[in-house]
Amino acid sequence: MWGKNVVIVMGCILLAATVNAKEHPGKEQILKNGYHGPKTCEECHPGKAKEFLGTVHWKHASKVDHVDNLDPNEEHGMKNRIYTMCNGNDIVNNLKEVPPNALGKTKFTGCNSCHPGDHASDVGSTGAAAEQAIDCLICHSLKYDFSKRKAVKDSSGKVVMTQDRSTEAAANIGRPTIKNCMACHEAAGGGAMIKRGFSMAKGAEVHVTKGIICVDCHQVKNHKFPTGRDPNNWAHDGIYMTCVGECHTIKPHTDADYNRHTDKIACQSCHIPKTGGAFSKDFTKWEKQGNGFYEPSTLKREVNETAPVYAWYNLTVSNTPKFIGPKGSRTDGKSKIYPFKVFQGKAYYNKKDGKLMSMDFAPPIANGDSLAGVASAAKILGIKDYEPVPGWQTIYFGSNHQVTPKNKALSCANCHALNGVLNFKELGYSVKEVERLTNPELYFEKLLKLQQENE
Amino acid sequence: MKKILSIVIVLALTAFASLAVVTNASAEEFKMTGTISKIELAADGKAATVVLKDTKSEASVTVIVSDELTLDKFKDKRIVEGDEIRTKYDSEGGKNTSKMFKKTAGC
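Keeping their order, the protein sequence lines are chains A and B. FYI, the numbering for the first sequence is 1 to 455, going by my numbering. FYI, the numbering for the second sequence is 1001 to 1107, going by my numbering.
What the hints contain is simulated information worked out from the structure, not anything from laboratory work. None of the values given here were measured: they were computed from a predicted structure. One thing to keep in mind: the hints can contain errors.
Which residues of chain A face chain B? A partial, calculated answer using Cβ under 7 Å [as the list claims (entries may be wrong)]:
1) A192
2) A201
3) C247
4) N291
List time: in silico PhoX-like cross-link candidates among lysine-lysine, alpha-carbon distance up to 25 Å [what the hints assert, rightly or not]:
5) B:K1046 <-> B:K1095
6) B:K1046 <-> A:K107
7) B:K1038 <-> A:K202
8) B:K1099 <-> A:K96
9) A:K179 <-> B:K1095
10) B:K1095 <-> A:K148
11) B:K1103 <-> A:K143
12) B:K1103 <-> A:K96
Ideal Cβ positions, reconstructed from N, Cα and C, are used throughout, including at glycine.
Take the sequences, apply the hints, and build the full model.
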């Protein structure tokens, strides 16, 4: 089931969480000689820049072998995918200045603004210039001045991304913090918490409350980032991870009544009962903002307001123009029940071939004209034969973060009561089985005892 | 059965929501998009006074920000003077307290 060159790592967050920040041994030399980009780091860490160019964070793509209807020899990712959370990609929405809006204002926009290069060396570029363009400090500096990272026009009129390359930033190196990662991950999907809708603030997530951060769970080796099987996170560095590893076994509870479920129900189903963010967008209608620019109209909720949909998932993905989500069933012997945030997006389809079209956002941002955006994207991609018609796409996003305090994890009655969160019938249980699964006999004594203990 | 239960829940929630509105009635909520003309962090770092220029009316509005995440963004300059932001704030007795403070963003 796993791809050929895929390793499964098991992170141990508990160990890592107790390590204290220590001074970076390169500090003195950097203070003395200043910071001149990656080559400064490479004096002591040779090969790191070249290594980084081969990762998803630089390429925004990788080969993908668990998703339907993809050429397994091509690379796929934010570089070239098209879906309706963000109806474009790095190619059609290459960083650029949008035309002036009615108030005469312009701004820069582009998907690849979330790329740790300088845009002159862009997504997937290679060679010496690319190596020296990497923004090592956006992930590694504890004193990064984020106001220095922005799109500007250089003296020749080309749009570039600037970086904080100050000695001050380079002298404060450490393991990436949540803030470093969130520099890009927080606003994925068009604004804070829009796509994933999870908060990584202390108090909102049990691990973070204990001081466990992104890279404690995502144990990065040689800049390869372990990831999971979210049906809409295709690109990967060849390393997969789940909740089960060195920290948690598949039977982590002292209470056997919970452990009996873990063969069929993913940990996330009980432990991540809510997420939030956008649940629907319409890219055919852009809304005018107070500043004269337009944004795709978006319905959204706060981080803890959206209950997931639960579905069987065997870690392979159905990918059609109208649906991107989990495949699996109760009976295939491989699936577990996982929680998903369901998202529905409206955009243009090509009537000629039924495919979802992409949009260059520059025209609609300036004047709301979404069809001009489609025309511009079609031109960039060399698509001549098309007739845009609006239509809806449904996408499932895995709920894999924001583990709730254990007293809020789903307990027996959350699922086995008649108004439980699972739709047993839709999940493939027979009428007779549903009767049994919703019979209080399953949990009555247990919950009564718990209630007595707590009273 | 399922329907009846959920209706009961909805009713309960509605009742709760209207109560919440009543208790808050003395403060009025405003929304605006504006450009930051000044950020002043309090000495203890636990609050900031932000002066905004309303994008539409060009009027100057001062809001107090005290949520940790946003303060942190001021500190490491993820939000700086000149940035355009969207805010929701409560206004009571001439004091505006921010409830939401985010940079505007496309997709």
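Now the hints, each set against the structure:
{"no.": "1", "hint": "A192", "result": "holds (5 Å)"}
{"no.": "2", "hint": "A201", "result": "holds (6 Å)"}
{"no.": "3", "hint": "C247", "result": "violated (27 Å)"}
{"no.": "4", "hint": "N291", "result": "holds (5 Å)"}
{"no.": "5", "hint": "B:K1046 <-> B:K1095", "result": "holds (17 Å)"}
{"no.": "6", "hint": "B:K1046 <-> A:K107", "result": "violated (32 Å)"}
{"no.": "7", "hint": "B:K1038 <-> A:K202", "result": "violated (28 Å)"}
{"no.": "8", "hint": "B:K1099 <-> A:K96", "result": "violated (33 Å)"}
{"no.": "9", "hint": "A:K179 <-> B:K1095", "result": "violated (31 Å)"}
{"no.": "10", "hint": "B:K1095 <-> A:K148", "result": "violated (32 Å)"}
{"no.": "11", "hint": "B:K1103 <-> A:K143", "result": "holds (21 Å)"}
{"no.": "12", "hint": "B:K1103 <-> A:K96", "result": "holds (19 Å)"}
This entry does not satisfy hints 3, 6, 7, 8, 9, 10, going by the numbered hints stated previously.
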